[in-house]
Amino acid sequence: MDSGSAVVQAPGAIPVVGHLTAFLRAPLPFLRGLPAHGPLVTIRLGRQRVIVVCDPELTRTVLVQDRVFDKGGPLYERLREAGGQGLASCPSGEHRRQRRLIQPAFHHSRFPGYAHVMAERMDTLLGGWHDGQTLDLTTETRRIAADVVISAIFGTGLDAAVHTRLATDFHTLLAGFTRHTLTPKPLRKVPTPGNLRYERATRRVRRTMADLTTTYRAHGDTGETNLLSLLISARDPESDSPALTDDELVDQAVTMYSAGTETTASAVCWALFLAALHPEVHDRLITEIDTVLDGRTADWSDLPRLIYTRQVFTEAIRMYPPGWFLTRRTESDTRLGSYDLPKGTTIAYSPYLISHLPGLYPDPETFDPDRWKPAERGPEVPVTVFGGGARKCIGDQFALVEGVLLLASLVSHWHIDFHPDSLSLPRLPQLTLNPGKMKATVTARRGGEDRQRHTSQSRVP
1 MDSGSAVVQA
11 PGAIPVVGHL
21 TAFLRAPLPF
31 LRGLPAHGPL
41 VTIRLGRQRV
51 IVVCDPELTR
61 TVLVQDRVFD
71 KGGPLYERLR
81 EAGGQGLASC
91 PSGEHRRQRR
101 LIQPAFHHSR
111 FPGYAHVMAE
121 RMDTLLGGWH
131 DGQTLDLTTE
141 TRRIAADVVI
151 SAIFGTGLDA
161 AVHTRLATDF
171 HTLLAGFTRH
181 TLTPKPLRKV
191 PTPGNLRYER
201 ATRRVRRTMA
211 DLTTTYRAHG
221 DTGETNLLSL
231 LISARDPESD
241 SPALTDDELV
251 DQAVTMYSAG
261 TETTASAVCW
271 ALFLAALHPE
281 VHDRLITEID
291 TVLDGRTADW
301 SDLPRLIYTR
311 QVFTEAIRMY
321 PPGWFLTRRT
331 ESDTRLGSYD
341 LPKGTTIAYS
351 PYLISHLPGL
361 YPDPETFDPD
371 RWKPAERGPE
381 VPVTVFGGGA
391 RKCIGDQFAL
401 VEGVLLLASL
411 VSHWHIDFHP
421 DSLSLPRLPQ
431 LTLNPGKMKA
441 TVTARRGGED
451 RQRHTSQSRV
461 P
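With full-length UniProt numbering, the residue at position 267 of the sequence shown is 267, and numbering never jumps.
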């Protein structure tokens, strides 16, 4: 057997820090430049050597062969601090048991009920905005998405103070995640203000979810009406005892809260912002939503007719996938393409990088929802924002339903007038590729007859 090809190191590494400075300064352009150097490219982030997979088919291999390329590396080590051994972060050997137990909660037959809860909460929360109000759209959509997910998990909303504390702590985790992940372990233990905020927020998120889960066990609905009740009722097939421990229930609650909140909120914000930058897209989106909803909140029965709305949402998560840089670790000596990788190698793949390859998407920097026309769409792309293989996101359809319903309902009720300085991107992307602050003024819609009068106001100057 030949020794395999050598993995090329990306140019520009400097002593001690390697590529860390370039990665921190402009991570997305840095990633987009890697495919020019080969299918697999080594980068050095300080002392950490990471092999980035730049080829879509090799990325598919990594996703499908999850027992060889298991979830590991610095990213998942940090995720487990808050999410424990939840479905999204647990090792491959544990994943199959968990997925088998959790899968019934995401059966298609459950979605009309979830969508009804989503629509009720969206109607209430969107109705709380005021005509002419200026707000941070990112914060507001995150608040709505979090409320929807909490209602789907626990079957009810949260006390306002608890909800605010959980949202604040979770935002602290998001804001500090990338920097905390890239910081060497000894420095993470230094009691700086940033490190202390991050550690306290991590502990509080888990404690809050543990308290909510304990309260639900004692006083919640005993029927299988929400995600948590379904998980509590799951039984071990051999012993007929509860399949998930209390700690495992907390792990799953944190995982579902994180995934359902950030994926939806960031994608809806990007969809609104990108549509505002493209007048034709904006007008088609409003026309469809007015025709289907006529000023009301979207529900499950509306989804088959919100075709273009779904295309806009899908194109937004192609351009700005929430999970933008993910790591795996080889569990044995293996070969990936023509490259030999020893056991313990940290590799990374980037949905953002793959989603911007011209070979997969012509003019990848162009926002074009018609890529996703049902009649014209080609084969499934090798990798999506929801992963693939046995570890494809179990809640992908939940996120799509939630995102399309929120996007349609928001546009149905409100005009979004972005300010000239509306977009304030974080200098360093967080755990998710969210847009940072989005300053906008919302104007209550009075029906489709004033659509044209407001259309020009809904675009970014």
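Derived from the structure by calculation, the hints contain no laboratory data. Misleading hints may appear alongside valid ones.
In the DSS-like style, the derived pairs of lysine-lysine whose C-alpha atoms are separated by at most 30 Å in a straight line are [unchecked claim]:
(1) K392 with K373
(2) K189 with K392
(3) K185 with K71
(4) K71 with K189
(5) K392 with K71
(6) K373 with K185
(7) K373 with K343
(8) K343 with K71
Quick list of simulated restraints, FRET-style, between CB atoms [claimed, not checked]:
(9) E94 with G295: 29 to 39 Å
(10) D123 with H219: 19 to 29 Å
(11) D131 with R97: 45 to 55 Å
(12) T139 with E94: 43 to 53 Å
(13) G128 with A6: 31 to 41 Å
(14) P358 with D333: 14 to 24 Å
(15) Q133 with G295: 27 to 37 Å
(16) P191 with P242: 17 to 27 Å
(17) D370 with H219: 48 to 58 Å
(18) T291 with L135: 40 to 50 Å
(19) R47 with D131: 31 to 41 Å
(20) H219 with G46: 40 to 50 Å
Note that CB positions come from ideal geometry on N, CA and C, so glycine has one too.
CB-CB spacing for P242 and P191 relative to the 17 to 27 Å hint: violated (39 Å)
For E94 and G295, compare the CB-CB distance with the range 29 to 39 Å and indicate the outcome. violated (47 Å)
Does K343 pair with K71 here, judged by a C-alpha cut-off of 30 Å? holds (13 Å)
Pair hint outcome, K185 versus K71 [Cα-Cα no greater than 30 Å]: holds (19 Å)
Hint check: K392 vs K71, CA-CA at most 30 Å. Holds or violated? holds (12 Å)
Take a quick look at whether K189 and K392 sit within 30 Å of each other, Cα to Cα. violated (33 Å)
Range hint 48 to 58 Å (beta carbons of D370 and H219) holds or violated: holds (50 Å)
Can you confirm whether the C-alpha distance between K392 and K373 stays at or below 30 Å? Given pair K392, K373 holds - Cα atoms ~23 Å apart, limit 30 Å.
Check the following: the C-beta atoms of H219 and G46 are separated by a distance inside 40 to 50 Å. holds (48 Å)
Do the Cβ positions of P358 and D333 conform to the proposed distance bound of 14 to 24 Å? Given about 34 Å between the Cβ atoms, the range is violated.
Next pair to validate is K373 with K343; report whether the Cα-Cα distance is within 30 Å. violated (42 Å)
Between the beta carbons of T139 and E94, is the distance compatible with 43 to 53 Å? violated (35 Å)
Checked against the numbered hints given earlier, this structure breaks hints 2, 6, 7, 9, 12, 13, 14, 15, 16, 18 and 19; the rest are met.
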